[in-house]
Amino acid sequence: MATDVGTLLKRYFGACERHGVSPNKSIMTSLFKAKIKKAHHETATLSVSIDDLKDVDFYPLRDLLTEIDGSEIDVVDMVNRFSCALNGEYVTQLLHAVDKKLGHVDICDVSFGKEFLLDIAQQGLTCQVLNLRSSHFRKLNMVGKFVHMHTLNLDFSASLTSFREDCFTCMPNLNFLSLCATRITNLWTTSAALAKLPSLVDLRFQSCFFTHDMEYSSASFGDEGLGSGHTGLGPHGELPYSSDEVFPHLQLILDNEETNDYDEISFSTMDMHDDDYFSAGSVKSSGVKKCISRHPSPICFEKHYREYMIASLPKLSVLDNLRISKTDKEKAKDIFTSHFEYLPYNRHNKESLVSLLQQRETSANLSATHASRNSFSFSLRKTKHFYSRSLSAAKMGSSAWPALRSLSITGSSLREERRNFRPRQFEYHPTDSSLMVIGTLDGEVVIVNHENGKIVSYIPSLGALNSVLGLCWLKKYPSKLIAGSDNGSLRLYDIRHYTSRQMHHNRGSVFFDDFDQLTSVHVNSTDELFVVSGYSKDVALYDIGSGKLLQVFANMHWEHINVVKFSNHNPFLFATSSFDQDVKMWDVRQKPNQPCYTASSSRGNVMVCFSPDDHYLLVSAVDNEVKQLLAVDGRLHMDFGIASTGSSQNYTRSYYMNGRDYVVSGSCDEHVVRICCANTGRRLRDVSLEGRGAGASMFVQSLRGDPFRDFNMSILAAYVRPNSDSEIVKV
1 MATDVGTLLK RYFGACERHG VSPNKSIMTS LFKAKIKKAH HETATLSVSI
51 DDLKDVDFYP LRDLLTEIDG SEIDVVDMVN RFSCALNGEY VTQLLHAVDK
101 KLGHVDICDV SFGKEFLLDI AQQGLTCQVL NLRSSHFRKL NMVGKFVHMH
151 TLNLDFSASL TSFREDCFTC MPNLNFLSLC ATRITNLWTT SAALAKLPSL
201 VDLRFQSCFF THDMEYSSAS FGDEGLGSGH TGLGPHGELP YSSDEVFPHL
251 QLILDNEETN DYDEISFSTM DMHDDDYFSA GSVKSSGVKK CISRHPSPIC
301 FEKHYREYMI ASLPKLSVLD NLRISKTDKE KAKDIFTSHF EYLPYNRHNK
351 ESLVSLLQQR ETSANLSATH ASRNSFSFSL RKTKHFYSRS LSAAKMGSSA
401 WPALRSLSIT GSSLREERRN FRPRQFEYHP TDSSLMVIGT LDGEVVIVNH
451 ENGKIVSYIP SLGALNSVLG LCWLKKYPSK LIAGSDNGSL RLYDIRHYTS
501 RQMHHNRGSV FFDDFDQLTS VHVNSTDELF VVSGYSKDVA LYDIGSGKLL
551 QVFANMHWEH INVVKFSNHN PFLFATSSFD QDVKMWDVRQ KPNQPCYTAS
601 SSRGNVMVCF SPDDHYLLVS AVDNEVKQLL AVDGRLHMDF GIASTGSSQN
651 YTRSYYMNGR DYVVSGSCDE HVVRICCANT GRRLRDVSLE GRGAGASMFV
701 QSLRGDPFRD FNMSILAAYV RPNSDSEIVK V
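The numbering of the sequence shown is UniProt numbering, which starts it at 1 and goes up by one.
To be clear, the hints were calculated from the coordinates, so they are not data collected in a lab. No experiment lies behind these values; they were computed from the predicted model shown. From the three backbone atoms N, C-alpha and C, an ideal C-beta is built for every residue, glycine too. Don't take each hint at face value.
To be verified - Restraint-style ranges between C-beta atoms, simulated for each label pair:
id : residue 1 : residue 2 : range
1  : 114       : 431       : 47 to 53 Å
2  : 334       : 452       : 44 to 50 Å
3  : 648       : 442       : 26 to 32 Å
4  : 122       : 517       : 51 to 57 Å
5  : 554       : 360       : 54 to 60 Å
6  : 338       : 587       : 34 to 40 Å
7  : 399       : 115       : 27 to 33 Å
8  : 1         : 327       : 54 to 60 Å
9  : 679       : 597       : 34 to 40 Å
10 : 730       : 645       : 24 to 30 Å
11 : 338       : 597       : 27 to 33 Å
12 : 114       : 555       : 58 to 64 Å
13 : 338       : 516       : 44 to 50 Å
14 : 679       : 648       : 29 to 35 Å
To be verified - Keeping only pairs whose Cα atoms sit at most 25 Å apart, straight-line, the calculated DSS-like set for lysine-lysine is:
id : residue 1 : residue 2
15 : 10        : 38
16 : 315       : 329
17 : 10        : 100
18 : 290       : 350
19 : 101       : 38
20 : 475       : 100
21 : 35        : 101
22 : 331       : 196
23 : 331       : 350
24 : 25        : 54
25 : 101       : 33
With the hints as constraints, model all of the structure from the sequences given.
So this is what it looks like as structure tokens:
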């Protein structure tokens, strides 16, 4: 027989007497209220206000809560809204003291430490509703058991940037999740994490509502199909603000907060015509539809965010308080297909790596057996790239979370086992897949095995400290490279004469005439010539064999030239990109004042490079203006349509990856690298950079695709913190 509330009250008094403390007034009040509710045949709720508890109240309350499951109390709610005197470890034990009857848990995280949050995330809770607003999670990893929970609110968790791969694995009944005013940005890892929630139908990264000149349909935001325990959110789709309303556990502070420019966003009327965001019949408009967004997370500003989420999470019924109609889903599918690539190389279904390896082995054996025959089955006549691309697609499809690690360099010519190098530029070796050359801010040139971090060759700075900005390997003589520094010095080094243990300062080196304010160096395809540009309008042409400066092409642009690149196969053609918004193709055999052609961008150009087969030019202008041109005449082939940030200092750099199949692009004001298909322009994946520790945001200085490994790259990343060194991140 269940213990009645009156008996529970007596036992609470007895526990207080045993522990030598006075009964807590708020606990007594809550028990009396529950007793009255039970007498009126209403739900008897024991509401525990954690704000009113002190450490001395812990033991009697814990004794009381352990008896709840066998009592007449129907639900226990535990609420903390302000700073609290109770120890965080005690709060954890109280939360775990109630088993089947734990209802709402409302915790304002300002009072409790990291261990408290980790315990909840790792151990789980038996509650139905969990409100952890303003929590201090950075990478959420809720792997504990939350089998009864149907509602989770993480609004205003300003440190929250992403989800770990195992997050949300034990929440089978969660149907409502709110993530307003977080720092979440990545569409791919976010949707992959949320896809593990089988019952999720209502998701919110922002709170959207209509302007007041609309007439609302009462059915617009009903609770139909939202699962048990979910209540309609009112005509504006907002959570109620009074603790006495239907969602006391999700009381927000929206009305009490001052909003800044990003707290409230008005979607322009051009975005909201017809059924763009609203299901048919939900609104009777007296004018043009308009939607107001409050407290959006950064992910909401990603291009095609809404369509991507709807297409990736087909079970959703409501997104950002807006009902998802059948038309919305059809539109989302079309936009996803047009602008995103589900898997690399247009694969539509995820495949097993083991299965593909077995197919490749079987195909090879059959091909050898039938080599003398004139015809093969179609399955044997795969293209030479079929299995490599299929394996790449399978690897990418196996996880949305890329593996990132910092390149740690150990051992130097100075016989120091560990030393901090400050990288400023780097290049992969053209023939040895394990090697990379790094130029530092201190003028050093370091050849490192990037697979194990060991230094292979070390070339110290000569003379005054300077930054190495230009690096280029020779192709026919891959032990040699040219390095250029911002003080104008140019050197050719043979790394065979520079080991990690001994150095010969001049042996195997060639000194060239200086080029003032140097920024870029590149060698032609025959290793006979190289070109140099800098903070000027000129380009210098050098002869490698003789070491002589052959010619200076003056005034090639109206503003300084950022990058100069030779063609990969034609030894006479090179391209220049400048802040004057022009990209120009030149032929060293022609007059330097007459380019082969000129192509223009709408902003200053930061980068240009040839595709490996020289079919295309990849041009990167300020603030994510990335285009692919036909190398033969400069016509536009592809505009990748990356959203701009509005910053005139957001310098963008882009390179090819997987031959010329994909493009990687990053900018110095953003912490993300975008991977796009070079053939279709569709976005495959974003890679987000996150530094070590809270507030350690990282930004992209430079990047390169690994020429030997598909979908591998290295990124030169800088911390936003002052006095922090850059580092090379391998992906």
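Status of the hints after comparison with the structure:
1. Evaluation of the 47 to 53 Å hint for residue 114 and residue 431 yields a pass: the beta carbon distance comes to about 48 Å.
2. The supplied range of 44 to 50 Å is met by residue 334 and residue 452, whose beta-carbon atoms lie about 47 Å from each other.
3. Judged by the Cβ atoms, the range 26 to 32 Å given for residue 648 and residue 442 holds: they are separated by roughly 30 Å.
4. Remark: the range hint 51 to 57 Å for residue 122 to residue 517 is upheld by a beta-carbon distance near 54 Å.
5. Our hint of 54 to 60 Å for residue 554 and residue 360 holds, since their Cβ atoms are close to 55 Å apart.
6. Our hint of 34 to 40 Å for residue 338 and residue 587 holds, since their Cβ atoms are close to 38 Å apart.
7. The beta-carbon spacing between residue 399 and residue 115, approximately 29 Å, falls within the hinted interval of 27 to 33 Å.
8. In this structure the supplied range 54 to 60 Å holds for residue 1 paired with residue 327, their Cβ-Cβ distance being about 56 Å.
9. Checked against the given bound of 34 to 40 Å, the beta carbons of residue 679 and residue 597, roughly 23 Å apart, lie outside it.
10. Against the hinted window of 24 to 30 Å, the Cβ-Cβ separation of residue 730 and residue 645 comes to about 26 Å, which satisfies the hint.
11. For residue 338 and residue 597, the Cβ-Cβ distance of about 30 Å falls inside the hinted range of 27 to 33 Å, so the restraint holds.
12. At about 60 Å, the CB distance of residue 114 to residue 555 agrees with the hint of 58 to 64 Å.
13. Judged by the Cβ atoms, the range 44 to 50 Å given for residue 338 and residue 516 holds: they are separated by roughly 48 Å.
14. Between residue 679 and residue 648 the beta carbon distance is about 31 Å. The supplied range of 29 to 35 Å therefore holds.
15. A hinted pair counts as satisfied when its Cα atoms are at most 25 Å apart, and residue 10 with residue 38 qualifies at roughly 17 Å.
16. In summary, the hint linking residue 315 to residue 329 is supported, as the alpha carbons are separated by about 10 Å, within the 25 Å threshold.
17. With a CA separation close to 23 Å, the supplied pair residue 10 and residue 100 stays within the 25 Å bound.
18. Taking the CA atoms of residue 290 and residue 350, the gap is about 39 Å. The hint is violated against a cut of 25 Å.
19. Pair hint residue 101 plus residue 38 holds up; C-alpha atoms about 15 Å apart against a cutoff of 25 Å.
20. Distance check on the hinted pair: residue 475 and residue 100 sit about 69 Å apart at the alpha-carbon level, beyond 25 Å; violated.
21. Between residue 35 and residue 101 the CA atoms are separated by roughly 16 Å; this keeps the pair inside 25 Å, and the hint holds.
22. As the CA atoms of residue 331 and residue 196 are separated by approximately 24 Å, the hinted pair is consistent with the 25 Å bound.
23. For a cut-off of 25 Å, the pair hint linking residue 331 to residue 350 stands: about 24 Å separates their Cα positions.
24. For a cut-off of 25 Å, the pair hint linking residue 25 to residue 54 stands: about 12 Å separates their Cα positions.
25. Proximity of residue 101 to residue 33 is assessed by CA-CA distance (about 17 Å); at most 25 Å being required, the pair is judged to hold.
Violated hints, in rising order: 9, 18, 20; the structure is consistent with all others.
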